[in-house]
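Chemist: So the chains spell out like this:
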Amino acid sequence: MIERMILIGYGGQGMMLFGRLLARVAMLDGKQVTFFPSYGTEVRGGAACYHLIVSTEEIFSPVVEEADTIIVMNQPSYLKLKNYLMPSSHLFLNSSLVKEAESFGEVKNIYRIPATEIANELGNVVASNMVMMGAYNTVKNLVPLPLFLDCLKSSLSGRKAPLFEINKLALLRGKEYVKKVYLKGEKTLEVSVV
Amino acid sequence: MKSSNNKKQLLTGNEAAAEAAILAGCRYYYGYPITPQNELVNHMAIRMPQVGGTFLQAESEIAAIYMAYGSAAAGARVMTSSSSPGISLMQEGISYLAGSELPCVIVNMQRGGPGLGDISPSQADYFQAVKGGGHGDYRTIVLAPASVQEIADLVYDAFDLADRYRNPVMLLGDAQLGQMMEPVELKKIPRTQQTPRWAVTGAEGRARNIIKSFYPVKGELEAFNIRLQRKYKVVEQKEVRYEEVNTERAEIILVAYGTCARICKEALRRISGTGLQIGLLRPISLWPFPKEPLRRLAKKAKAFCVVEMSSGQMLEDVKLAVLNRCPVHFYGRMGGGVPSSKEVIKKVLNILAPEESTLELEMSEISQELGKGLYFSTIP
Numbered sequence: 000m001i002e003r004m005i006l007i008g009y010g011g012q013g014m015m016l017f018g019r020l021l022a023r024v025a026m027l028d029g030k031q032v033t034f035f036p037s038y039g040t041e042v043r044g045g046a047a048c049y050h051l052i053v054s055t056e057e058i059f060s061p062v063v064e065e066a067d068t069i070i071v072m073n074q075p076s077y078l079k080l081k082n083y084l085m086p087s088s089h090l091f092l093n094s095s096l097v098k099e100a101e102s103f104g105e106v107k108n109i110y111r112i113p114a115t116e117i118a119n120e121l122g123n124v125v126a127s128n129m130v131m132m133g134a135y136n137t138v139k140n141l142v143p144l145p146l147f148l149d150c151l152k153s154s155l156s157g158r159k160a161p162l163f164e165i166n167k168l169a170l171l172r173g174k175e176y177v178k179k180v181y182l183k184g185e186k187t188l189e190v191s192v193v
Numbered sequence: 000m001k002s003s004n005n006k007k008q009l010l011t012g013n014e015a016a017a018e019a020a021i022l023a024g025c026r027y028y029y030g031y032p033i034t035p036q037n038e039l040v041n042h043m044a045i046r047m048p049q050v051g052g053t054f055l056q057a058e059s060e061i062a063a064i065y066m067a068y069g070s071a072a073a074g075a076r077v078m079t080s081s082s083s084p085g086i087s088l089m090q091e092g093i094s095y096l097a098g099s100e101l102p103c104v105i106v107n108m109q110r111g112g113p114g115l116g117d118i119s120p121s122q123a124d125y126f127q128a129v130k131g132g133g134h135g136d137y138r139t140i141v142l143a144p145a146s147v148q149e150i151a152d153l154v155y156d157a158f159d160l161a162d163r164y165r166n167p168v169m170l171l172g173d174a175q176l177g178q179m180m181e182p183v184e185l186k187k188i189p190r191t192q193q194t195p196r197w198a199v200t201g202a203e204g205r206a207r208n209i210i211k212s213f214y215p216v217k218g219e220l221e222a223f224n225i226r227l228q229r230k231y232k233v234v235e236q237k238e239v240r241y242e243e244v245n246t247e248r249a250e251i252i253l254v255a256y257g258t259c260a261r262i263c264k265e266a267l268r269r270i271s272g273t274g275l276q277i278g279l280l281r282p283i284s285l286w287p288f289p290k291e292p293l294r295r296l297a298k299k300a301k302a303f304c305v306v307e308m309s310s311g312q313m314l315e316d317v318k319l320a321v322l323n324r325c326p327v328h329f330y331g332r333m334g335g336g337v338p339s340s341k342e343v344i345k346k347v348l349n350i351l352a353p354e355e356s357t358l359e360l361e362m363s364e365i366s367q368e369l370g371k372g373l374y375f376s377t378i379p
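So the sequences go chain by chain: V and S.
Numbering that gives the first Met the number 0 puts the first residue of the first sequence at 0, with every later residue one more than the last.
Numbering that gives the first Met the number 0 puts the first residue of the second sequence at 0, with every later residue one more than the last.
Any given hint could be a false lead.
Lysine to any residue pairs mimicking SDA-like chemistry, simulated, CA-CA at most 25 Å apart [as the list claims (entries may be wrong)]:
| # | chain 1 | residue 1 | chain 2 | residue 2 |
| --- | --- | --- | --- | --- |
| 1 | S | Lys341 | V | Glu57 |
| 2 | S | Lys7 | V | Gln31 |
| 3 | S | Lys341 | V | Glu64 |
| 4 | S | Lys7 | V | Gly157 |
| 5 | S | Lys6 | V | Asp28 |
Read the hints as simulated data drawn from the structure, not as lab findings.
Same shape as in the complex, but just chain V (with noise of 0.2 Å):
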């Protein structure tokens, strides 16, 4: 198993906790793991590019050059995702901020999530990232849902921990809206939250 995933979006849109996170929990879970940030010389506002490769195998090139998995937060991030793309790859797109321009005929499975007003309602427009997961895990049960909760908590420990709450929240409703959206019907693998 192999799983090669590009997450892109602005600095500040939180893909930098998402792709560590989940590189965490993956490492925890047993696979191997490689996590590339790769940034322009700004942070906050310019873009953010990060290679997450999971495998139960050695990794080799820490580069990803086609994508299983494609997340973009923004629309100069969607303008660049057709470097990686197959025919097979899962595309998420933060339905919020991107304008969809092109047609990618042969993308067979994308899901438009709208990360950002799910996180504006839930009252932090910082959990986007966390809406996305929600979405992404629940496709591609890359990692079990619990064990990803249980490292989100102690990453946000001290005067971050009120955050938590509403991480969790964010999470539950990206899974939520891509379950109703787009696999009615399709059977999930359902996975209890403490």
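The hints should help you fit chain S onto chain V, whose structure is shown.
Modeler: Below, chain S without anything else, positioned relative to chain V:
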């Protein structure tokens, strides 16, 4: 498999280098910030006070290397680190360390050059690291890791090598290896440094020790140089490290280190099952260079292909090792460009069936990739 990951931590290459140094008994770190090795400086700033060590952000890289010189002369395990432009500034100090026979570990997470360049991965400091960027007839032991785990393992070993040969050791990584995160197990035994007999620690009750690289009396410097060269011969005999993958039956043998070696392994994986016989020799020690293994392989292989993130620097050492027993091809990317496994495969196919001119192939691929804007350049 789950249990084997229990002891692992998810660290960047830079953090792993810092942790391994602490494990090896390094308690003195001097550095100056520069991307892409800032996580190392940052980590040392947090960790050194916790382990009773000294962290000092120097006013420049030149100051940092001479602070390291001072701690090394006093017999302590000491490390400094930087990225390409900063390492250039340190070259005089590295020559002084070698000339004074002082152990020191220097980490270079290479970025694109020349000049200020960019912050993307590069391997264009090979000549500087391996041939000695400073003056005089000296050698630096150079180790090239290809994963975060190997960064940890080699940094630990680098301290032992530096002490054993009383010589600076450089860990040559790149922006990719420094910044990417992988699971690491710090499995080696924690060390505490014993002050060596030659250290300058105050001569009370014993004859004084002298640490110097200055030999003004005619003949003394030549005698010292002869002794240094003898030492380097021993290093060349004993400390060569490399990895071979599928070289047994290979017609074409790729030669690559660090990040490029990982990409070449990916290329090997992609073509496995096609009947193509391609192997890889990955130098782990860049100096001493694995000349003998290359010579041995040159007897059987049809051709070599060196893959680097440079215009062809290690290429020269491969050619020197192989001489003209075998053709040596090259595929390289420069200035922050990272080759893809597909580019490597295309190059290999081109060697096997050279209808198109190699230069054309390389240029068209580079411009294609540039058009895609794939390589770490800022997305607008």
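Chemist: Hints broken by the structure, by number, lowest first?
Modeler: The structure breaks none of the hints.
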